[in-house]
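Trainee: The listed protein sequences derive, respectively, from chains A and B. Using the numbering used here, read the first sequence as starting at 1 and increasing by one per residue. Using the numbering used here, read the second sequence as starting at 1 and increasing by one per residue.
Heads up, a few of these hints could be off.
Below 30 Å or equal to it, Euclidean Cα-Cα: the simulated DSSO-like pairs (lysine-lysine) are [to be verified]:
1) A:Lys281 <-> B:Lys644
2) A:Lys392 <-> B:Lys356
3) B:Lys115 <-> B:Lys156
4) B:Lys65 <-> A:Lys299
5) B:Lys626 <-> A:Lys521
6) A:Lys220 <-> A:Lys195
7) B:Lys156 <-> A:Lys524
8) B:Lys372 <-> B:Lys262
9) B:Lys689 <-> A:Lys521
10) B:Lys340 <-> B:Lys262
11) B:Lys502 <-> B:Lys262
12) B:Lys372 <-> A:Lys299
13) B:Lys644 <-> A:Lys299
14) B:Lys224 <-> A:Lys299
15) A:Lys281 <-> B:Lys156
16) B:Lys85 <-> A:Lys195
17) A:Lys281 <-> B:Lys372
18) A:Lys220 <-> A:Lys194
19) A:Lys281 <-> B:Lys356
20) B:Lys384 <-> B:Lys447
21) B:Lys644 <-> B:Lys447
22) B:Lys326 <-> A:Lys299
23) A:Lys194 <-> B:Lys85
24) B:Lys126 <-> B:Lys113
25) B:Lys65 <-> B:Lys89
Hint data in this document are derived by calculation from the structure and do not stem from the laboratory.
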Amino acid sequence: MEFAELIKTPRADNVVLHRPFHPAVEGTLCLTGHHLIFSSRRQDNAEELWLLHSNIDSIDKRFVGSLGTIVIKCKDLRIIQLDIPGMEECLNIASSIEALSTLDSVTLMYPFFYRPMFDVLEDGWSSFLLEQEFELLSSVTNEWRLSCVNKEFSVCPSYPPVVIVPKSVDDEALRKVALFRHGGRFPVLSYYHKKNGMAMMRSSQPLTGTNGRRCKEDEKLVNATLRSGRRGFVIDTRPLAVAQQARAKGGGFEQEVHYPQWRRIHKYIERFNILQESFIKLVEACNDQSHNMDRWLSKLEASNWLTHIKELLTAACLAAQCIDREGASVLVHGSEGTDSTLQVTSLAQIILDPRCRTIRGFEALIVREWLQAGHPFQQRCAQSAYSNSKQKWEAPVFLLFLECVWQIHRQFPCSFEFNEQFLILLFEHAYASQFGTFLGNNENERAKLKLPQKTMSLWSWVNRPEELSRFQNPLYEANSLVIWPSVAPQSLQLWEGVFLRWNRPSRFLEEAEEERINIIKYNKELQARVNALRRRLAELEADEEVPDEP
Amino acid sequence: MFSLKQPKSTFKSYLLPQADDNIASEPRIKKLEPVLLPGEIVVNEVNFVRKCIATDTSQYDLWGKLVCTNFKISFITDDLMPLQKFHYKNLLLGEHDVPLTCIEQIVTVNDTKRKQKVLGPNQKLKFNPTELIIYCKDFRIVRFRFDEAGPESAKKVCLAIAHYSQPTDLQLLFAFEYVGEIYHNPAKKVNGIDPGGGGGGIGSASGQQTPLFETYSDWDREIKRTGASEWRVCSVNEGYMISTCLPEYFVVPSSLADQDLKLYSYSFIGRRMPLWSWNHPNGSALVRMANIKDVLQQRRIDQRICNAITRSHPLRSDVYKSDLDKCLPNIQEIQAAHIKLKQLCVNEPFDETEEKWLSSLENTRWLEAFLKHSAELVYMMECKHVSVVLQEEEGRDLSCLAASLIQVMLDPYFRTIVGFQSLIQKEWVMAGYQFLDRCNHLKRSDKESPLFLMFLDCVWQLLEQYPAAFEFSEVYLTILYDSARISLFGTFLFNCPHQRVKESTEFAISKNIQLGDEKGLRFPCVWDWSLQFTSRDRLLFHNPLYIGKSTPSVHNGALRTFKRSKKNYSSTLRGVPPALKNGIIGEQEFLPRRNSLILKLKPDFFQAAEGQSHSMEQYFRDWFAKPVDLHGVILPHLSGTQIKLWKLCYFRWVPEAQINHGGSITAFHRVSLLADEVDMLNRSLRQYKSNSSLQGHCSELDQSRMYFRANGLNDTSGAPDFLSSSFPFSPVGNLCRRSILGTPLSKFLSGAKIWLSTETLANED
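Given these sequences and hints, build the entire structure.
Mentor: Encoded structure:
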């Protein structure tokens with residue numbers, strides 16, 4: 001298909017762009033296969049706006065006389081308005097944008113066409129391999145092994161080709177266990193707590209069904225993570241009733257008779273459309289024009305967003321607590337094990353593992369616990385808060401995770417190497433990006449799409465020193481402790497950086513940010529000079545000493 | 001105010017002492033003596049008392065002696081507070097002490113008889129209490145158990161506390177006893193410092209004293225400082241001859257003669273003539289005035305006063321009058337809101353409020369109204385160049401708040417510590433804010449209202465929004481709030497200066513104290529921070545982000561200033577090419593804006609025509625469009641998302657809301673180290689330049705304005721492990737909550753308690 005077919009009017013002049021907190025700008029609008037480009041002709045302050053079509057969540061058009069107005073609502077929550085003279089131009093442009101922003105085929109997405117203008121110092125596609133992770137693990141314990149049982153994605157389509165499992169369980173057993181778990185997602189290692197050797201595993205629900213099926217290999221697998229005589233916890237992210245109902249559909253939960261060394265805790269985390277509705281309500285409240293404090297608070301509460309945050313943080317703390325305080329191993333799952341499960345395991349690692357609070361470590365966590373673990377990004381992030389379609393697989397699961405990280409970040413402002421901008425960046429790229437990282441729903445799909453060969457990885461770009469410097473937290477001080485956030489509602493706050501980002505004057509924030517980066521840069525220069533001078537001094541002193549010696 | 005419902009619901013969760021096998025050893029019998037201040041006497045005491053630390057277990061409880069003095073209740077123990085790594089030491093109060101004036105309510109309980117009673121003054125107690133719960137005004141709850149104590153003495157102590165914390169007369173407040181003792185025995189000094197002193201600085205480098213505005217010269221200096229040349233200090237009220245609720249000296253338009261003032265004064269409520277507060281550099285004055293009660297004279301006098309104010313303006317600008325009673329919530333509404341907030345923070349079982357937390361916060365906040373109104377008046381003075389008159393019934397409640405907020409926004413001097421203290425002296429203490437009634441020191445006033453706290457909260461909002469504009473920290477504001485409930489400082493004890501003179505003179509006569517020339521007794525001043533904290537601890541009052549005007553900044557001299565580069569960053573949405581930068585904010589905006597004042601203004605509120613409000617919108621818009629000058633005007637952001645809850649003040653005793661090893665204090669710590677390092681380097685540079693021969697006097701290097709100090713360059717030692725979001729306070733021992741162990745554990749254990757309580761993992765081994 002040619003994009004040109006979809007673009008009936010590639011260019012319109014005298015278009016006026018309106019954005020909150022910015023003066024209206026007149027300029028030219030151009031449509032390309034992947035971008036909406038607006039450039040102003042003002043001599044003094046020429047500016048261009050490049051908007052990816054895939055970032056557009058919804059588009060409205062209306063007319064006053066022959067002046068058409070298009071309101072574009074983006075997945076990153078910004079809203080812009082374009083006044084386009086001429087009814088036909090406006091209609092054409094609107095329908096083109098609509099078509100281009102809702103392309104069906106993944107291979108038509110921008111990442112397949114994007115050619116980077118920067119040198120690739122390190123290929124992000126191979127920056128975070130599970131093998132490296134396993135090497136680290138092997139240096140502290142030999143109880144685990146890498147298994148290639150899923151090499152062809154045949155045992156579990158949503159798992160990566162290699163996974164870490166207990167050493168005592170062979171691939172044959174894994175195949176059997178896979179048949180006993182929803183979607184083949186057998187229990188694998190998510191995190192190993194070096195401090196006390198406890199492990200966190202994740203999986204999907206066991207397929208016990210109504211007649212209480214059991215699987216000896218599954219029991220053996222989960223028990224293999226326990227020290228002798230110790231117990232473990234199964235954290236089920238569904239309420240007990242839901243878990244029981246799941247049996248009727250072939251699912252179920254670990255029954256005590258068959259898993260006597262395990263105790264189940266049901267910690268309910270909302271999923272899918274409930275989250276999506278909450279997201280939509282919250283964004284509505286944030287875009288609301290009324291300023292009354294009381295109404296704002298009611299609306300914020302009515303969205304339930306912060307309640308979801310609180311529940312999720314609570315579940316993550318619970319998992320972390322079982323591991324760190326109770327000295328027990330943990331198995332986390334819900335139904336499919338691709339959403340709330342991953343939220344819990346990844347947040348627990350933020351709490352427990354200082355490495356996950358570094359930039360590199362956090363990237364590795366995203367790759368390991370989200371991308372490789374098979375969170376269906378493409379489905380979940382297909383639409384954002386302005387979507388009209390109510391498709392049931394869309395949900396801000398990843399955004400919710402990022403916000404929880406932000407909440408912990410806010411409570412421990414010095415314990416993270418990255419800053420808020422980094423989290424916002426990940427949010428943006430999960431929804432629309434020039435990079436291939438978040439395309440596809442799992443490693444299997446990514447392999448089929450040949451993403452590593454055909455697209456650029458987000459990490460290749462982010463990990464370049466000049467980009468990294470933007471995401472560093474100047475207050476960072478490595479903190480080797482487990483950090484326990486307060487999950488009381490009084491301690492939680494709305495993430496303004498995402499939800500009010502386009503509704504606040506940002507100019508000075510940006511300038512301050514620039515200033516900060518400059519200061520850090522300048523400081524580095526000074527440090528280098530100090531070091532050079534010190535060296536010089538040492539040399540001079542050494543020279544001086546020589547003649548003294550006889 | 002405190003319903004009995006709440007304590008009841010928590011009782012059943014307490015472990016009864018019989019079930020307690022953790023305390024194996026007999027309570028130690030040891031001589032435990034309270035530390036007493038001059039004039040402080042022990043009224044009653046009881047031994048073998050247990051102070052409860054956690055509600056879910058008694059294993060952390062402390063054994064000791066409970067003492068009631070005429071100043072405080074004191075719990076004396078040798079036991080160490082569990083899990084508390086840091087204690088911010090107040091020199092007047094021990095770790096377990098509560099000043100009597102800080103007590104809100106006293107509840108006695110007998111759990112075998114299932115009885116409880118709220119103890120008022122002079123009440124009888126028909127049962128022997130097994131338990132005493134003290135609800136404090138600072139939102140703490142302290143609980144004592146008397147299981148091993150003598151029942152009679154326990155009862156006596158409870159009654160004594162009830163009696164002494166609810167005195168019938170102002171002169172029974174401890175400050176009188178204390179000052180009497182000092183006058184009789186001048187040798188007795190608290191912490192080695194003359195207790196009658198004026199307002200000392202807090203050890204700031206300048207060593208400035210806080211002007212108290214008790215004297216002619218303080219007012220005169222303020223006139224000169226603000227350049228109010230057409231105003232004069234007036235002494236008609238010397239000896240409180242005209243009004244008993246005005247200060248002896250105050251400032252009036254030069255054109256008004258003493259004779260006229262005396263005449264007019266009869267028409268004002270409380271004979272409270274107009275008081276000058278402050279002058280804008282452009283000549284506009286801020287004046288506060290009570291209502292004119294004499295209806296016949298109203299117009300004429302009003303006219304005369306306004307004319308006089310106009311004549312004192314260099315541009316002869318008009319006077320803008322703001323009737324605070326009409327446009328701000330009244331003090332009863334504010335008190336009701338405060339009670340609601342307190343219930344949210346203290347009374348309600350925390351878990352139950354969680355789901356409704358945000359909506360329960362509604363209607364508890366009036367900050368927005370005050371900040372907004374003050375900002376509007378800032379506009380009138382700053383932009384319209386008119387003098388502003390704050391009018392209020394008596395002119396001694398809302399006016400205090402509005403007048404001081406306007407000055408904090410307009411004048412950077414009031415954002416320094418000494419300046420802020422002088423502001424409180426000028427606009428609250430001297431202007432006759434009724435601290436005695438509003439703080440309810442005598443516990444019998446229906447006039448209680450937390451206006452002063454509201455003011456501190458508003459200032460905190462500004463501090464939060466402009467962290468580098470204030471010399472003081474939020475710890476300072478919190479401690480200042482706490483100090484208002486220590487009945488030692490004359491500052492916050494009286495309804496007006498005259499009351500101090502009158503009451504203390506009476507007291508002096510009754511105690512045979514020779515006053516000499518002095519007008520009444522001199523009470524310790526709260527600004528004498530050395531009475532409460534060591535000089536090192538006082539450093540926590542300093543805000544590391546503050547850049548004083550006199551401090552040499554990096555931008556001076558040869559050091560490079562940072563150029564704002566206009567480099568553009570690549571970003572997702574903007575794709576490959578350089579993206580656009582934000583333009584300049586223009587007039588035309590079609591989308592609503594959340595965080596500006598603009599849409600919040602109600603034009604109908606202004607007497608002037610709509611043009612006025614339009615230009616006000618423009619003013620605010622322009623102001624927010626420019627970078628903030630921290631030494632100029634600061635205006636508040638007012639949207640719901642910008643007004644925050646002052647967590648350190650309200651939640652410091654709530655374990656659930658505590659973040660161990662975290663919270664904004666960790667950033668404060670890091671920034672302090674940085675600021676200290678910068679100071680250190682600056683000092684070395686100065687020393688090096690002034691004295692290149694390097695014969696060091698290092699004394700200067702030892703000074704630091706930071707509590708947290710850098711240990712030399714490249715210091716990499718982490719944050720101290722006692723830091724928490726409650727720092728420097730600790731919720732340990734505050735019993736409104738279930739558990740001592742802080743949020744995570746208690747919370748999650750409760751989530752998993754279905755089986756954790758029945759079997760423990762360890763038992764299986």
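Trainee: Please work out if Lys156 of chain B and Lys524 of chain A have their alpha carbons no farther apart than 30 Å.
Mentor: At roughly 68 Å apart (the allowed maximum being 30 Å), Lys524 of chain A and Lys156 of chain B break the hint.
Trainee: Is Lys115 of chain B close enough to Lys156 of chain B, meaning Cα to Cα at most 30 Å?
Mentor: Since the Cα atoms of Lys115 of chain B and Lys156 of chain B sit roughly 17 Å apart, the hinted pair holds (cutoff 30 Å).
Trainee: Are the Cα positions of Lys65 of chain B and Lys299 of chain A separated by 30 Å at most?
Mentor: Violated, at roughly 51 Å.
Trainee: Given the hint that Lys281 of chain A pairs with Lys156 of chain B, test it: the Cα-Cα distance must not exceed 30 Å.
Mentor: Not satisfied, since the Cα-Cα distance of roughly 58 Å exceeds 30 Å.
Trainee: Please work out if Lys626 of chain B and Lys521 of chain A have their alpha carbons no farther apart than 30 Å.
Mentor: 26 Å, holds
Trainee: Is Lys85 of chain B within 30 Å of Lys195 of chain A, Cα to Cα?
Mentor: Holds: Lys85 of chain B and Lys195 of chain A sit about 24 Å apart, inside 30 Å.
Trainee: Decide if the proposed pair is consistent with the structure: Lys224 of chain B and Lys299 of chain A, CA atoms, cutoff 30 Å inclusive.
Mentor: 50 Å, violated
Trainee: Hey, Lys372 of chain B versus Lys262 of chain B, does the alpha-carbon distance stay inside 30 Å?
Mentor: Measuring from Cα to Cα gives roughly 35 Å; hence the hint is violated.
Trainee: For the pair we were handed, Lys194 of chain A and Lys85 of chain B, check the Cα-Cα distance against 30 Å.
Mentor: This hinted pair holds, its Cα atoms lying about 27 Å apart.
Trainee: Are the Cα positions of Lys326 of chain B and Lys299 of chain A separated by 30 Å at most?
Mentor: 29 Å, holds
Trainee: Please verify whether Lys372 of chain B and Lys299 of chain A have alpha carbons no more than 30 Å apart.
Mentor: 22 Å, holds
Trainee: Take the C-alpha atoms of Lys644 of chain B and Lys447 of chain B, compute the straight-line distance between them, and say whether it is at most 30 Å.
Mentor: Within the cut-off at roughly 27 Å; holds.
Of the hints listed earlier, those the structure fails to meet are numbers 4, 7, 8, 10, 14, 15 and 20, in rising order.
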